[in-house]
Amino acid sequence: MSKKSFRQAINEALRLEMRRDPRVILMGEDVAGGRGGTSGVTDAWGGVLGVTKGLQTEFGEDRVFDTPISEASYIGAAAGAAATGLRPVAELMFVDFVGCCLDQIMNQAAKFRYMFGGKARTPLVIRAMYGAGFNAAAQHSQALYPLFTHIPGLKVVIPSSPYEAKGLLIEAIRDDDPVIFLENKVMYDDEEDVPDGSYTIPFGEANLTREGDDVTIVAFGRMVNFANEAADRLEKSGISCTVIDPRTTSPLDTGTILDCVADTGRLVIVDESSPRCNLATDVAALVAEEAFDALKAPIRRVVPPHTPVPFSSTLEALYMPNADKIEAAVKSVMSYRMKEEA
Amino acid sequence: MSGAITPVTMPKFGLAMTEGKLADWLIQVGETVSAGQELADIETSKITNGYESPVSGVLRRQVVAAGETLPVGALLGVVADASVADDAIDAFIAEFQANNASADTEASAADAEPSVVAVDGLDIRVKDVGAAEGSQLPVLLIHGFGGDLTSWMLNQSALSHDRRVIAFDLPGHGESSKNVGEGKPSSFAGTVAKLLETLDADKVHVIGHSLGGAISLELARLAPEKVASLSLIAPAGLGPDVNMTFINGFISEDRRKTLEPILQLLVHDKSLISRRMIENIIRFKRLDGATGALRTIADACFPDGKQADNLRATLENYPGPVQVIWGENDEILSSAPAQSLPDKVAVSVLSETGHMPQMEKVSDVNKAISAFLEKND
Numbered sequence: 001m002s003k004k005s006f007r008q009a010i011n012e013a014l015r016l017e018m019r020r021d022p023r024v025i026l027m028g029e030d031v032a033g034g035r036g037g038t039s040g041v042t043d044a045w046g047g048v049l050g051v052t053k054g055l056q057t058e059f060g061e062d063r064v065f066d067t068p069i070s071e072a073s074y075i076g077a078a079a080g081a082a083a084t085g086l087r088p089v090a091e092l093m094f095v096d097f098v099g100c101c102l103d104q105i106m107n108q109a110a111k112f113r114y115m116f117g118g119k120a121r122t123p124l125v126i127r128a129m130y131g132a133g134f135n136a137a138a139q140h141s142q143a144l145y146p147l148f149t150h151i152p153g154l155k156v157v158i159p160s161s162p163y164e165a166k167g168l169l170i171e172a173i174r175d176d177d178p179v180i181f182l183e184n185k186v187m188y189d190d191e192e193d194v195p196d197g198s199y200t201i202p203f204g205e206a207n208l209t210r211e212g213d214d215v216t217i218v219a220f221g222r223m224v225n226f227a228n229e230a231a232d233r234l235e236k237s238g239i240s241c242t243v244i245d246p247r248t249t250s251p252l253d254t255g256t257i258l259d260c261v262a263d264t265g266r267l268v269i270v271d272e273s274s275p276r277c278n279l280a281t282d283v284a285a286l287v288a289e290e291a292f293d294a295l296k297a298p299i300r301r302v303v304p305p306h307t308p309v310p311f312s313s314t315l316e317a318l319y320m321p322n323a324d325k326i327e328a329a330v331k332s333v334m335s336y337r338m339k340e341e342a
Numbered sequence: 001m002s003g004a005i006t007p008v009t010m011p012k013f014g015l016a017m018t019e020g021k022l023a024d025w026l027i028q029v030g031e032t033v034s035a036g037q038e039l040a041d042i043e044t045s046k047i048t049n050g051y052e053s054p055v056s057g058v059l060r061r062q063v064v065a066a067g068e069t070l071p072v073g074a075l076l077g078v079v080a081d082a083s084v085a086d087d088a089i090d091a092f093i094a095e096f097q098a099n100n101a102s103a104d105t106e107a108s109a110a111d112a113e114p115s116v117v118a119v120d121g122l123d124i125r126v127k128d129v130g131a132a133e134g135s136q137l138p139v140l141l142i143h144g145f146g147g148d149l150t151s152w153m154l155n156q157s158a159l160s161h162d163r164r165v166i167a168f169d170l171p172g173h174g175e176s177s178k179n180v181g182e183g184k185p186s187s188f189a190g191t192v193a194k195l196l197e198t199l200d201a202d203k204v205h206v207i208g209h210s211l212g213g214a215i216s217l218e219l220a221r222l223a224p225e226k227v228a229s230l231s232l233i234a235p236a237g238l239g240p241d242v243n244m245t246f247i248n249g250f251i252s253e254d255r256r257k258t259l260e261p262i263l264q265l266l267v268h269d270k271s272l273i274s275r276r277m278i279e280n281i282i283r284f285k286r287l288d289g290a291t292g293a294l295r296t297i298a299d300a301c302f303p304d305g306k307q308a309d310n311l312r313a314t315l316e317n318y319p320g321p322v323q324v325i326w327g328e329n330d331e332i333l334s335s336a337p338a339q340s341l342p343d344k345v346a347v348s349v350l351s352e353t354g355h356m357p358q359m360e361k362v363s364d365v366n367k368a369i370s371a372f373l374e375k376n377d
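Protein chains in written order, with the UniProt record's numbering: chain A, 1 to 342; chain B, 1 to 377.
One or more of the hints may lead you astray.
Using 20 Å as the maximum straight-line C-alpha spacing, the simulated EDC-like pairs for lysine to aspartate or glutamate come out as follows [as the list claims (entries may be wrong)]: (1) A:Lys3 with B:Glu175; (2) B:Lys194 with B:Asp120; (3) A:Lys3 with B:Glu279; (4) B:Lys178 with B:Asp254; (5) B:Lys257 with A:Glu205; (6) B:Lys375 with B:Glu225; (7) B:Lys178 with B:Glu253; (8) B:Lys178 with A:Asp21; (9) B:Lys257 with A:Asp253; (10) B:Lys257 with A:Asp213; (11) B:Lys285 with A:Glu205; (12) B:Lys285 with A:Glu192; (13) A:Lys119 with A:Asp177; (14) B:Lys178 with A:Asp196; (15) B:Lys285 with A:Glu17; (16) B:Lys306 with B:Asp241; (17) B:Lys226 with B:Asp128; (18) A:Lys236 with A:Glu211; (19) B:Lys194 with B:Glu225; (20) A:Lys53 with A:Asp43; (21) B:Lys257 with A:Asp259; (22) B:Lys178 with A:Glu17; (23) B:Lys194 with B:Asp128; (24) B:Lys12 with B:Glu43; (25) B:Lys270 with B:Glu260; (26) A:Lys3 with B:Glu113; (27) B:Lys270 with A:Glu211; (28) B:Lys21 with B:Glu43; (29) B:Lys184 with B:Asp304; (30) B:Lys257 with A:Asp214; (31) A:Lys3 with B:Glu19; (32) B:Lys285 with A:Asp175; (33) B:Lys12 with A:Asp190; (34) A:Lys53 with A:Asp190.
Have a look at the derived ranges for each label pair, beta carbon to beta carbon [stated by the list, open to error]: (35) A:Ser312 with B:Glu38: 13 to 21 Å; (36) B:Ser56 with A:Ala288: 43 to 51 Å; (37) A:Ser39 with B:Ala66: 31 to 39 Å.
In short, the hints are calculated from the structure, not lab data. All values derive from a computational prediction rather than experimental measurement. For glycine and all other residues, C-beta sits at the position ideal for the given N, C-alpha and C.
Here chain A stands alone, though its shape is the one from the complex:
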């Protein structure tokens, strides 16, 4: 056990699974870096943010290889490789690039098991980074997990910390269905204690990072950290919150969300994806339908406005959910009074 960054935790998960299972391969744009160049340098880059650094050196060019800048071709190739028995981990770099290869994911990989009568397995993992907060502008900052969550046949994972990332990625690689694994790009240097050995965290099991009596906060990915920060501050002012990290949006642990709302009677959902048809609307609908009687106040969503992610750091900060906004939302549901009581 030692302190590891989010980046190291992901690298270690890939390394351990590649050692354990020769069928695991990595492919994507610059996952190694250097292929096709004239310098003779290989494993030059290890992905744009260095997450896969060193893996080509250990496992060779047959198992870790750079692809052409053609998402449709290599994501399609990865889906096909998975269908024939390999366990590819394909890196899409920025999740915003999914537009170029959505058919391969949505109509091919996600549908194989269903279309072939349950007989086909597609043990494919697609890694991609998502999220705003780093002035990467509108085409490199989106949080597109609602898009994948919408498609039956995909599993969607959003780790909230280094420990979570390693265990969830190993689970993803061992899973026999296509898994979209989304890494918040602002979190790569976050550090915490992570075991050295292999471990798995099951999909569809939410994690409660705080437990309280007054308000349930459901948050996704990096937003879990903001929710924890807000919950810790609110605790000092006498409001105790439960914070739920669903870990996976598909499958979604609806049972834990409903149980917690039944306990607290109030719900705030924090989602950094665009506000229409996002996870916050999905969870709000679930609770409105299944736990209406438990609610003491309207459900509040802490979400960005329905605009592209701005480049300007001032506007981007304004755009993003943060601990202050969560705190304000929690206070607003706490101070809500039913009309007849008012």
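Since the structure of chain A is provided, determine the placement of chain B on it from the hints.
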């Protein structure tokens, strides 16, 4: 701005930036700077960028000279209004640096980190602390089923003020290898004997809890010359009964809600089972091979829901001093066997105490053990 003092720290320009070089100051000490005006050039492995002042004011100090490389967040300089006293600026810098330094030293002053040693083809995690002041013999701490070296976190450092105290993760537990072989106390005792050789600990006081108590007894049978004394805390091996609801639940329950009532069986004061403790056990059980190892041990030690080994004869034959400490309210291994032990055994049964006396009655247990060790060095 009035009395506000603003630290200027190494910015983070890129996702992968962890440090940067202060290439050049563009504002000299005493010059006025406005918010957004470039204060300094910062160089990283990729780019050189102007660093804009976060506020308007006077650059009062350059803490760092041009050319120095520093981690992101390090103090570079201080901006404040001209009216702020020099003393206040110096105090601010001293406090800022002290806060950063204390974060570093706190980590290094923490207890010795566990290390991993190879024993018999297995990786065994060991936490080895303290040293003898005189002729004190070392202590070996053997945890129980499902525990690890942190089972002794309230005892190890207290016992180590004048002697060496070794805690470790049994095979299958903590961060040790998950291969447990037969999974019986006798097979663990063989590994423990080899561990002592590896650690150059020829003769030790052995303190064993629960299953670790049975392993201690087997070690005393296998290698009596290594065992200076036995302290057995709620030991297995002295009676037939074991709470299989605990054993099976510990192995199979993997969510906090369902594991919590199982773990509460361990203690008399149920509030001692903290969130953190439950989370740590869930994290252990997620490791590859962990639950399989626990199942192998449970099947080998508790077939048909009863303890397989009766080590009473071993206890009677062991020539050295023995003490037994048991919680009166133990719900895992009943304290009944404590009533019928040989006369040579010093027995203490603690009231309002469950299966974890070393956590629930820390000072009583530490005192009893210290006195016993001193007498038997």
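Now the hints, each set against the structure:
no. : hint                              : result
1   : A:Lys3 with B:Glu175              : holds (15 Å)
2   : B:Lys194 with B:Asp120            : holds (7 Å)
3   : A:Lys3 with B:Glu279              : holds (18 Å)
4   : B:Lys178 with B:Asp254            : holds (18 Å)
5   : B:Lys257 with A:Glu205            : holds (12 Å)
6   : B:Lys375 with B:Glu225            : holds (18 Å)
7   : B:Lys178 with B:Glu253            : holds (19 Å)
8   : B:Lys178 with A:Asp21             : holds (19 Å)
9   : B:Lys257 with A:Asp253            : holds (14 Å)
10  : B:Lys257 with A:Asp213            : holds (16 Å)
11  : B:Lys285 with A:Glu205            : holds (15 Å)
12  : B:Lys285 with A:Glu192            : holds (19 Å)
13  : A:Lys119 with A:Asp177            : holds (12 Å)
14  : B:Lys178 with A:Asp196            : holds (13 Å)
15  : B:Lys285 with A:Glu17             : holds (19 Å)
16  : B:Lys306 with B:Asp241            : holds (5 Å)
17  : B:Lys226 with B:Asp128            : holds (17 Å)
18  : A:Lys236 with A:Glu211            : holds (14 Å)
19  : B:Lys194 with B:Glu225            : holds (13 Å)
20  : A:Lys53 with A:Asp43              : holds (7 Å)
21  : B:Lys257 with A:Asp259            : holds (11 Å)
22  : B:Lys178 with A:Glu17             : holds (17 Å)
23  : B:Lys194 with B:Asp128            : holds (16 Å)
24  : B:Lys12 with B:Glu43              : holds (11 Å)
25  : B:Lys270 with B:Glu260            : holds (10 Å)
26  : A:Lys3 with B:Glu113              : holds (12 Å)
27  : B:Lys270 with A:Glu211            : holds (18 Å)
28  : B:Lys21 with B:Glu43              : holds (5 Å)
29  : B:Lys184 with B:Asp304            : holds (15 Å)
30  : B:Lys257 with A:Asp214            : holds (19 Å)
31  : A:Lys3 with B:Glu19               : holds (18 Å)
32  : B:Lys285 with A:Asp175            : holds (19 Å)
33  : B:Lys12 with A:Asp190             : holds (13 Å)
34  : A:Lys53 with A:Asp190             : holds (18 Å)
35  : A:Ser312 with B:Glu38: 13 to 21 Å : holds (18 Å)
36  : B:Ser56 with A:Ala288: 43 to 51 Å : holds (49 Å)
37  : A:Ser39 with B:Ala66: 31 to 39 Å  : holds (33 Å)
Of the numbered hints listed earlier, not one is contradicted by the structure.
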